[in-house]
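Use these hints to put chain B onto chain A, whose structure you have.
2 protein chains.
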Amino acid sequence: MTASLTEVPTAQDIKAAAQRIAPYINRTPSFSSLRFNELACGEYLLKGEHLQLTGAFKARGAMNAILVHQSKALSSGVITHSSGNHGAALAWAASQVGAKAYIIMPSNAPKSKIASVRHYGGVITFCEPTLEARETTATRIQKETSAYLIHPYDDYDIIAGQATATYELLKDNPEIEHLFVPVGGGGLLSGAALANYYFGNAKLYGCEPELARDAYDGFVSGKRVLVKNSETIADGLKTSLGKKNFPIIKSHVNQIILLTEKEIETGWHICLETTKQFIEPSAATGVAAALKMKTKGVCGILLCGGNMDVRKFTLR
Amino acid sequence: MTASLTEVPTAQDIKAAAQRIAPYINRTPSFSSLRFNELACGEYLLKGEHLQLTGAFKARGAMNAILVHQSKALSSGVITHSSGNHGAALAWAASQVGAKAYIIMPSNAPKSKIASVRHYGGVITFCEPTLEARETTATRIQKETSAYLIHPYDDYDIIAGQATATYELLKDNPEIEHLFVPVGGGGLLSGAALANYYFGNAKLYGCEPELARDAYDGFVSGKRVLVKNSETIADGLKTSLGKKNFPIIKSHVNQIILLTEKEIETGWHICLETTKQFIEPSAATGVAAALKMKTKGVCGILLCGGNMDVRKFTLR
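Protein chains in written order, with numbering that gives the first Met the number 0: chain A, 0 to 315; chain B, 0 to 315.
Chain A on its own, in the form it takes in the complex (with noise of 0.2 Å):
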């Protein structure tokens, strides 16, 4: 039986976390461009997490604290809310082991993310865009189904997960001097952040919309701040940093850059002229934010998923 983590995952959890991820997930390539190495003036490797079962990095936490948790999830499955990924990765990760996964979405959320969630089996349950009305709805629903709730960012479980993303990377890449990781509930920027710390030695930073800026502005001032309907377009990156998270990342990562909403279209932009990789808007925070810094040497950017709403986009 394995222990629910209660602390800041160790280098151990973290390991634990990838050995016991390993026979559900895919361990993602890393791609590269010499035309984007010209434009962000470095050596890029592109790590990605969008070809990640469900199309995100969010299988790894997922499937981690379904694992860790196995048992309850089991008697009476497990509960969430998500703008999306999470909630397809958790749908994904409980139907890995025969549970039951029950799927709290704003009602806003992309049409593909609510498909995507369906496929998997996730019983969904809509509520307000806001994450008040999200906790709200998911603790009325847990109530009703004793399902055990497995928060998208801030558990400790979920971040050893995330953390298996960038473990690999720097695993195969030592090399590494600049890493951009995209930040919205923190969940992938803590993990990034404890793996560069326990197993790499690269400047972190994490990649933010100026339209979502609480990391920033915690980062800068020291204490956690809430940010509250946000209207970028990178839809996965709207949440406010965790209780958990926050100081992971506080004390481990270099700098939180600011992205604008033009910005993280040239992004997606360049992203798909040079890789021919199709990434979500949030994912392009993290190649925007290269191309914005240009900082020289051998780096790594996290392109964190690939799920969007393709069918708006016509040929003629």
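For the record, the hints were derived by calculation from the structure and aren't laboratory data. Bear in mind the structure is a predicted one, so any value in this text is a computation, not a measurement. Glycine included, every Cβ here is placed at the ideal spot set by N, Cα and C. Heads up, a few of these hints could be off.
Residues from chain B that keep clear of chain A, each with C-beta distances beyond 10 Å, as calculated [to be verified]:
id	residue
1	23
2	171
3	200
4	215
Dumping the calculated SDA-like pairs for lysine to any residue here, alpha-carbon to alpha-carbon at most 25 Å [stated by the list, open to error]:
id	chain 1	residue 1	chain 2	residue 2
5	A	261	B	309
6	B	110	A	36
7	B	71	B	143
8	B	227	A	314
9	B	249	B	221
10	A	291	B	310
11	A	311	A	117
12	A	110	A	310
13	A	99	B	34
14	B	242	B	7
15	B	261	A	310
16	A	227	B	314
17	A	311	B	261
18	B	311	A	230
19	A	227	A	259
Structure of chain B alone, referenced to chain A:
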């Protein structure tokens, strides 16, 4: 000194081309997706020539032709006419050996393709967007410069080079039973036909837009026909089959599958959604044909390229 091919390439010619170009080109990966397999009812390998250098398979044929004609290329340059991908590929291939490349492009070629030719140092002359205007302009510039003409597809050295894409795919995956390949001028498809005849055993399908259906009509009637001023969104497939390509295709292709514009667009959407690979509309014909045929078994699709104007896609 390597002699230029004057006959249909043999198995040995294709192997020699593969060996000749190997130091210059990418051995491209194949992609798979459980979701795509469900939708297309088979086990699919999508060979990623959009990740080839210059963003398309055309780098193979161009590099082969340049290496075969290296001394002529170095003395007075090379010339070609192209809707884009062959032009960029020839400019790139010429630059690899330090030769000059003159590229005739239709005035309505996508901006990204024009930029790409320029990026590799090609000297562009624009002409009216008809096959006739392209050939007349090419002849004129050729006379002025004495550059050596390398046709985009109607050339055995080009065919042998393009054949290496299918040769690689079949060498790595000899179990492939069905193979879907886009057809425009027929360079890729005639190469695939020969590679599959010598090294494989797949049923081979040429995938063609209904709006540029010369291959279909020629295949059915047994006589090569020409298509004029096609308006298909698959801009790389507007050309008619070449004289050297047609008989090879007639002999060694099982069927030409026609795709409507809508089917091509849906194929493009499904490729983005399921594989996260950003391909150009021409490549989507192969995807669309697979989704239409649902052949079952182990199947291959040649994703022929990934070059298109991405700036028209906005995230808001």
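Outcome of the hint check:
1. Residue placement check: residue 23/B keeps its beta carbon more than 10 Å from all beta carbons of chain A (closest about 13 Å).
2. The beta carbon of residue 171/B is kept farther than 10 Å from every beta carbon of chain A, the shortest such distance being approximately 16 Å.
3. Look at residue 200/B: its CB is around 29 Å from the nearest CB on chain A, clear of 10 Å, so calling it non-interface holds up.
4. Non-interface call for residue 215/B relative to chain A: holds, since the shortest CB-CB distance, roughly 21 Å, exceeds 10 Å.
5. Restraint check for residue 261/A and residue 309/B: satisfied, since their Cα atoms lie roughly 15 Å apart, inside the 25 Å limit.
6. Among the hinted pairs, residue 110/B with residue 36/A is consistent with the structure: their alpha-carbon atoms are about 21 Å apart, no more than 25 Å.
7. Between residue 71/B and residue 143/B, the direct Cα distance comes to roughly 15 Å. Compliance with the 25 Å bound is thereby established for this hinted pair.
8. Using a Cα cut-off of 25 Å, the hinted pair residue 227/B and residue 314/A holds, with the two alpha carbons roughly 21 Å apart.
9. Between residue 249/B and residue 221/B the alpha-carbon distance is near 7 Å, which keeps this suggested pair within the 25 Å criterion.
10. Taking the CA atoms of residue 291/A and residue 310/B, the gap is about 19 Å. The hint holds against a cut of 25 Å.
11. Between residue 311/A and residue 117/A, the direct Cα distance comes to roughly 21 Å. Compliance with the 25 Å bound is thereby established for this hinted pair.
12. For the proposed pair residue 110/A and residue 310/A, the alpha carbon gap of about 10 Å is at most 25 Å, so the pair holds.
13. Between residue 99/A and residue 34/B, the direct Cα distance comes to roughly 21 Å. Compliance with the 25 Å bound is thereby established for this hinted pair.
14. For the given pair, residue 242/B sits about 12 Å from residue 7/B by alpha-carbon distance, which is consistent with the 25 Å threshold.
15. Between the alpha carbons of residue 261/B and residue 310/A the distance comes to roughly 12 Å, so the proposed pair stays at or under 25 Å and holds.
16. With a CA separation close to 21 Å, the supplied pair residue 227/A and residue 314/B stays within the 25 Å bound.
17. Annotation: proposed proximity of residue 311/A to residue 261/B holds, straight-line Cα distance about 14 Å (limit 25 Å).
18. Distance restraint check for residue 311/B and residue 230/A: the Cα-Cα separation of roughly 21 Å lies within the 25 Å cut-off, and the hinted pair is therefore satisfied.
19. For the hint pairing residue 227/A with residue 259/A, the CA-to-CA distance comes to about 17 Å; that is within 25 Å, so the pair holds.
In terms of the numbered hints stated before, the structure departs from none.
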